[in-house]
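Engineer: Sequence:
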Amino acid sequence: MEIPQGLKYSKEHEWVATEDVVATVGITDHAQDQLGEIVYIELPAVGDKISKDDPFGVVESVKAVSDIYAPVTGTVIEINEDLRESPETVNEDPYGDGWLIKVKITDLSDLEDLMDADEYTELLAREKE
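The numbering of the sequence shown is my numbering, which starts it at 11 and goes up by one.
Hints are supplied without guarantee of correctness; some may be wrong.
[Claimed, not checked] Label pairs and their calculated CB-CB ranges: (1) VAL56 / SER96: 16 to 22 Å; (2) GLU88 / GLU139: 15 to 21 Å; (3) GLU88 / LEU118: 17 to 23 Å; (4) VAL75 / THR131: 22 to 28 Å.
Keep in mind that the hints were calculated from the coordinates and are not lab data.
Ideal Cβ positions, reconstructed from N, Cα and C, are used throughout, including at glycine.
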């Protein structure tokens, strides 16, 4: 299970990479593994506002349909258009080409509530117990 250092993680299994006030958001390797083969992803439109801890999209796999929760509050400035044609990219490269959206963060303190890689590893260990 891959858990890269330098990213932030939510308890709902999203990851966040930040550059200034822009957050790139995706689902973790653990999440895509639990979902199985992803067949469809529904994402918000550019310009949509998302709110921390609220659903902003849906991932559909052969096993389940799951909401994707916003790890930060902000405005969507870009979506990964490639996922419309190739949603399985999230399975193949969840931390790279499988990113979901980019968000202009309105409140940087949202990042303080997220976990680092070590804390996220501990969360996964507790969930297995």
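Engineer: May I ask which of the numbered hints given earlier this structure violates, with the numbers listed in increasing order?
Structural biologist: Number 2 only.
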